[in-house]
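Next come the chains, spelled out residue by residue.
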Amino acid sequence: RMVPSPLAEHAILLASTFLFPPVAFVVVIVILLATLGKSLGLRERYVATLIYIFEWGAGQIKTTAKLKRKESLMPLDVPIIDSDEEEEEEEEEVDEDENERRTARSDGYESSSGLSRRRRNSANSVSSRASSVCSLRRRHGSGNNIIMRDTQLILDDEDDLPIETMHVNSRGWAVIGDSVDFIKNGIEAIIEDEVTSRFEAEQLMTWNMLTRTSTRFFQFVNWKLTVLYMAGFVFRYAFLLPMRITLFVIGLVFMLVSTAVVGIFPDGALKKTLNHKAMLTCHRILSRSISAVVYFHDEQYKASNCGIAVANHTSPMDVMVLSTDNVYALIGQSHGGLLGLMQRALSRASSHIWFERSEAKDRLAVSNKLKDHVSDPEKLPILIFPEGTCINNTSVMMFKKGSFEIGSTIYPIAMKYDSRFGDPFWNSSEQSWGEYILRMMTSWAIICHVWYLPPMTKLENEDAVDFANRVKKVIAARGGLVDLEWDGMLKRCKVPPKMVAKQQEKYANRLSRYTSTCEHLTRTPGSAPTLNDEAEDDEGIAASPTISGYNSLEELPEDVAITDEEDNVPPVPRSRSRPVSRVVEAPN
Amino acid sequence: MGNSSSLMLRDEEIEQISGETEFNRNQIVRLYSRFLSLDKKGQGFLEREDLMNVPELAVNPLGDRIVDAFFTLAGKDDKHLNFRQFVQVLAYFQPIDKTKRNENNDRSKKLKFAFMMYDLNRNGYITREEFKVILNSMVGANITADQLDKIADRTIEEADADQDGKISFEEFCKAMEKTDIEDKMSIRFLN
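Protein chains in written order, with the UniProt record's numbering: chain A, 1 to 588; chain B, 1 to 191.
Bound conformation, chain A alone (with noise of 0.2 angstroms):
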């Protein structure tokens, strides 16, 4: 918790009282051009500066490394943060920054006109951007690797299991060196795992200055360093907070305020041009609250009307990032308080779906509720979010099929943030409302990706399942994120003991069909069988000790009949005899 001295509390309102005047005015201009819907570019160029300086901030990083590797004859590991020239001229960079972004501040919106936006911009910064789109999604978090692991526990149907033509023992002993494979998917599980990872905040490459990423990297290094983390502290607590703060604030009200304005008018084409108006405006002051920088890819597909819009879930600010660019109807549990009035604040202006809570369990009623929604041509189409729940942003997780069983036209986006500059996953178990609204708002900047897909319908021959699978699946590789199929409310509960009981018939499956391959080795072709199934499983296991004990691996069938004799001593009595000429006759 940051409790500041006395002295620290005088000079930070100090620095925020001299801070004012340049920050109602970059507050006006900002509303300005939000309500215009124009831009200055600002913001693109502050996000590259810090680009700059934090792979700048890496070089220097590893060229120090070496240094005091070669100094103390260690091995390097991670990569240690230190870089003397460097700091002078970051801080001169931040110096200009700051002057850049009291003139004026915006973000890269051009009006809506157009596919790609930003075309202004220099070559330099549209290469770079391109770059680092590509790099973007290929980090799925996952360059952390610390084993290569070697066995997975497959989660649907696949039968195709390779059945080894290795001869098995017995069955019990083939159990064992089963039940070891199972040790090794177990301990790696432990070592390494694709749900653990999902749920917490994605792993940087390299430090971007802010504490709460830190812990992997050491952190007292040089004084150097400590002097310009504190000027980016100060930076981002004493002069973006408060410009954000108040940003938020006016958003808020601006929704509060439009919303009931346009509310006064009946439903009709004036009232949604106005709804659209009104909407976009505040969204676009919202998000500069945080100083989300958003790019927009592939806007030929954008959903229009009718129909239903699914993305990927991150964070809570998902809605409001989608919301800047096309207007949306929500879905989702009334809740009471502050989030309560805005909900009826957009009810007012258009028609959103709220349920409550006990109307959430009737899976029926919110199904009736989407499907009336949808199949009015003149409702926004609606925003879901399949996953339930938000996920750190570096794979996908299962589909809900809900969404996917109504049978309307379905809108895939997929959504990357960049989370060098702040990131935004929102684990709600570990941090509350609060923490998370103050993080976001004094992380550098929210960088996110936005990738309209072409529309998707479900086939005639597929059932929802299959279909949310397909459309998750896009989204993943349009996104650059790993498509798992675990469910995302593992972060919350225990596996369900089905899962494992499936686990079981998996294996139990396995086990009957290599050992009865035994059997078939053992079995002459002619032979029909006679018995039934109590008896074919004795015979199974009376057929196995033909090439059982460790010993008669490589022995050949004559000793393997001969041994079988000597060893038929079973100790339950069969009530079946096993014809002997059967087992002479054994395989090659």
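Think of the hints as simulated: they come from the structure by calculation, not from any bench.
There could be a bad hint or two in this list.
Stated by the list, open to error - Below are the DSSO-like pairs computed for lysine-lysine, each with C-alpha atoms no more than 27 angstroms apart in a straight line:
id: 1; chain 1: B; residue 1: K132; chain 2: B; residue 2: K178
id: 2; chain 1: A; residue 1: K184; chain 2: A; residue 2: K502
id: 3; chain 1: A; residue 1: K502; chain 2: B; residue 2: K184
id: 4; chain 1: B; residue 1: K174; chain 2: B; residue 2: K112
id: 5; chain 1: A; residue 1: K401; chain 2: A; residue 2: K473
id: 6; chain 1: A; residue 1: K458; chain 2: A; residue 2: K371
id: 7; chain 1: A; residue 1: K379; chain 2: A; residue 2: K272
id: 8; chain 1: B; residue 1: K132; chain 2: A; residue 2: K502
id: 9; chain 1: B; residue 1: K184; chain 2: B; residue 2: K109
id: 10; chain 1: A; residue 1: K400; chain 2: A; residue 2: K502
id: 11; chain 1: A; residue 1: K379; chain 2: A; residue 2: K361
id: 12; chain 1: A; residue 1: K379; chain 2: A; residue 2: K458
id: 13; chain 1: A; residue 1: K184; chain 2: B; residue 2: K79
id: 14; chain 1: A; residue 1: K184; chain 2: B; residue 2: K174
id: 15; chain 1: B; residue 1: K132; chain 2: A; residue 2: K498
id: 16; chain 1: B; residue 1: K132; chain 2: A; residue 2: K184
id: 17; chain 1: B; residue 1: K166; chain 2: A; residue 2: K184
id: 18; chain 1: A; residue 1: K302; chain 2: A; residue 2: K400
id: 19; chain 1: A; residue 1: K400; chain 2: A; residue 2: K371
id: 20; chain 1: A; residue 1: K401; chain 2: A; residue 2: K498
id: 21; chain 1: A; residue 1: K400; chain 2: A; residue 2: K458
id: 22; chain 1: B; residue 1: K184; chain 2: A; residue 2: K184
id: 23; chain 1: A; residue 1: K498; chain 2: A; residue 2: K184
id: 24; chain 1: A; residue 1: K272; chain 2: A; residue 2: K369
id: 25; chain 1: B; residue 1: K76; chain 2: A; residue 2: K184
id: 26; chain 1: A; residue 1: K473; chain 2: A; residue 2: K458
id: 27; chain 1: A; residue 1: K302; chain 2: A; residue 2: K473
id: 28; chain 1: B; residue 1: K178; chain 2: A; residue 2: K184
id: 29; chain 1: A; residue 1: K361; chain 2: A; residue 2: K498
id: 30; chain 1: B; residue 1: K112; chain 2: A; residue 2: K184
id: 31; chain 1: A; residue 1: K458; chain 2: A; residue 2: K361
id: 32; chain 1: A; residue 1: K184; chain 2: B; residue 2: K40
id: 33; chain 1: A; residue 1: K371; chain 2: A; residue 2: K302
id: 34; chain 1: B; residue 1: K79; chain 2: B; residue 2: K41
id: 35; chain 1: B; residue 1: K109; chain 2: B; residue 2: K166
id: 36; chain 1: B; residue 1: K109; chain 2: B; residue 2: K132
id: 37; chain 1: B; residue 1: K40; chain 2: A; residue 2: K498
id: 38; chain 1: A; residue 1: K184; chain 2: B; residue 2: K109
Place chain B on chain A using the hints.
For chain B alone, kept in the frame of chain A given last:
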């Protein structure tokens, strides 16, 4: 947020663990990162529940046996696992370096882990009943009790050299001689 704990691993500790287990620094640091992310409550040690929170382990039919073996091997206090113990147990799964002298020692360690899984009451022997329990966990309700018995009986019988009705560690090792334990129980740690 990720590693919110501010416990940093000291250099001496890393050196020590590296000496004991033959993991290199890089690997140890990454394992520490993993340890921290498993230790959600930030207590500085792991409990059984922390390991069982990994979904892939929870779905594994032998999940709780694996966790049990892990804790048993770790040390005297089998309810808490500190980082050192964590790495020590994981070291059992390092690939066997055939050029080193103590190859047999490593192999026997791996077998020890497997043996621990079966030996539920930790008396050093696997009995018929214990084996049945394990087999039951693996196949669940998909075979009958009768079949279970038969398989268990057959298994014990085959390996029971001294005919005392249970399998000791030596008998276990002998029975697993032909199994490629080195490969099956080695995990490829990346550098």
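Hints and how they fare:
A C-alpha spacing of about 23 angstroms is found between K132/B and K178/B, which places the hinted pair at or below 27 angstroms, so the restraint holds. Among the hinted pairs, K184/A with K502/A is consistent with the structure: their alpha-carbon atoms are about 19 angstroms apart, no more than 27 angstroms. Taken as a hint, the K502/A and K184/B pair is honoured in the structure, with Cα atoms around 23 angstroms apart against an allowance of 27 angstroms. A threshold of 27 angstroms between alpha carbons decides the hint, and for K174/B with K112/B the separation of about 12 angstroms falls inside it, so the pair holds.
Between the alpha carbons of K401/A and K473/A the distance comes to roughly 14 angstroms, so the proposed pair stays at or under 27 angstroms and holds. For the given pair, K458/A sits about 15 angstroms from K371/A by alpha-carbon distance, which is consistent with the 27 angstroms threshold. Restraint check for K379/A and K272/A: satisfied, since their Cα atoms lie roughly 9 angstroms apart, inside the 27 angstroms limit. Between K132/B and K502/A the alpha-carbon distance is near 20 angstroms, which keeps this suggested pair within the 27 angstroms criterion.
Proposed proximity of K184/B and K109/B is supported: the alpha carbons are some 13 angstroms apart, at most 27 angstroms. Distance restraint check for K400/A and K502/A: the Cα-Cα separation of roughly 20 angstroms lies within the 27 angstroms cut-off, and the hinted pair is therefore satisfied. Taking the CA atoms of K379/A and K361/A, the gap is near 25 angstroms; set against the 27 angstroms cutoff, the hint holds. Distance restraint check for K379/A and K458/A: the Cα-Cα separation of roughly 21 angstroms lies within the 27 angstroms cut-off, and the hinted pair is therefore satisfied.
For the proposed pair K184/A and K79/B, the alpha carbon gap of about 22 angstroms is at most 27 angstroms, so the pair holds. For a cut-off of 27 angstroms, the pair hint linking K184/A to K174/B stands: about 21 angstroms separates their Cα positions. A threshold of 27 angstroms between alpha carbons decides the hint, and for K132/B with K498/A the separation of about 21 angstroms falls inside it, so the pair holds. Pair hint K132/B plus K184/A holds up; C-alpha atoms about 21 angstroms apart against a cutoff of 27 angstroms.
The hinted pair formed by K166/B and K184/A meets the criterion: a straight-line CA distance of about 25 angstroms does not exceed 27 angstroms. Restraint check for K302/A and K400/A: the C-alpha separation of about 23 angstroms stays at or below 27 angstroms, so the hint holds. Taking the CA atoms of K400/A and K371/A, the gap is about 16 angstroms. The hint holds against a cut of 27 angstroms. A C-alpha spacing of about 19 angstroms is found between K401/A and K498/A, which places the hinted pair at or below 27 angstroms, so the restraint holds.
Restraint check for K400/A and K458/A: the C-alpha separation of about 15 angstroms stays at or below 27 angstroms, so the hint holds. A hinted pair counts as satisfied when its Cα atoms are at most 27 angstroms apart, and K184/B with K184/A qualifies at roughly 7 angstroms. Proximity of K498/A to K184/A is assessed by CA-CA distance (about 22 angstroms); at most 27 angstroms being required, the pair is judged to hold. Proximity of K272/A to K369/A is assessed by CA-CA distance (about 21 angstroms); at most 27 angstroms being required, the pair is judged to hold.
A threshold of 27 angstroms between alpha carbons decides the hint, and for K76/B with K184/A the separation of about 24 angstroms falls inside it, so the pair holds. At most 27 angstroms may separate the alpha-carbon atoms for a hinted pair to count; K473/A and K458/A meet this at roughly 14 angstroms. Of the pairs offered as hints, the one joining K302/A and K473/A holds, with about 19 angstroms between alpha carbons and a cut-off of 27 angstroms not exceeded. Our distance criterion of 27 angstroms between C-alpha atoms is met by K178/B and K184/A, whose separation comes to about 18 angstroms.
Pair hint K361/A plus K498/A holds up; C-alpha atoms about 21 angstroms apart against a cutoff of 27 angstroms. For the hint pairing K112/B with K184/A, the CA-to-CA distance comes to about 14 angstroms; that is within 27 angstroms, so the pair holds. Of the supplied pair hints, the one linking K458/A and K361/A holds, its CA atoms being roughly 25 angstroms apart against a limit of 27 angstroms. Between K184/A and K40/B the alpha-carbon distance is near 24 angstroms, which keeps this suggested pair within the 27 angstroms criterion.
At roughly 21 angstroms between alpha-carbon atoms, K371/A and K302/A fall within 27 angstroms of each other, so this suggested pair holds. Using a Cα cut-off of 27 angstroms, the hinted pair K79/B and K41/B holds, with the two alpha carbons roughly 15 angstroms apart. Straight-line distance between C-alpha atoms of K109/B and K166/B comes to about 21 angstroms, which keeps the hinted pair within the 27 angstroms bound. A distance of roughly 24 angstroms separates the Cα atoms of K109/B and K132/B; the hinted pair therefore holds under the 27 angstroms criterion.
Taken as a hint, the K40/B and K498/A pair is honoured in the structure, with Cα atoms around 25 angstroms apart against an allowance of 27 angstroms. For a cut-off of 27 angstroms, the pair hint linking K184/A to K109/B stands: about 14 angstroms separates their Cα positions.
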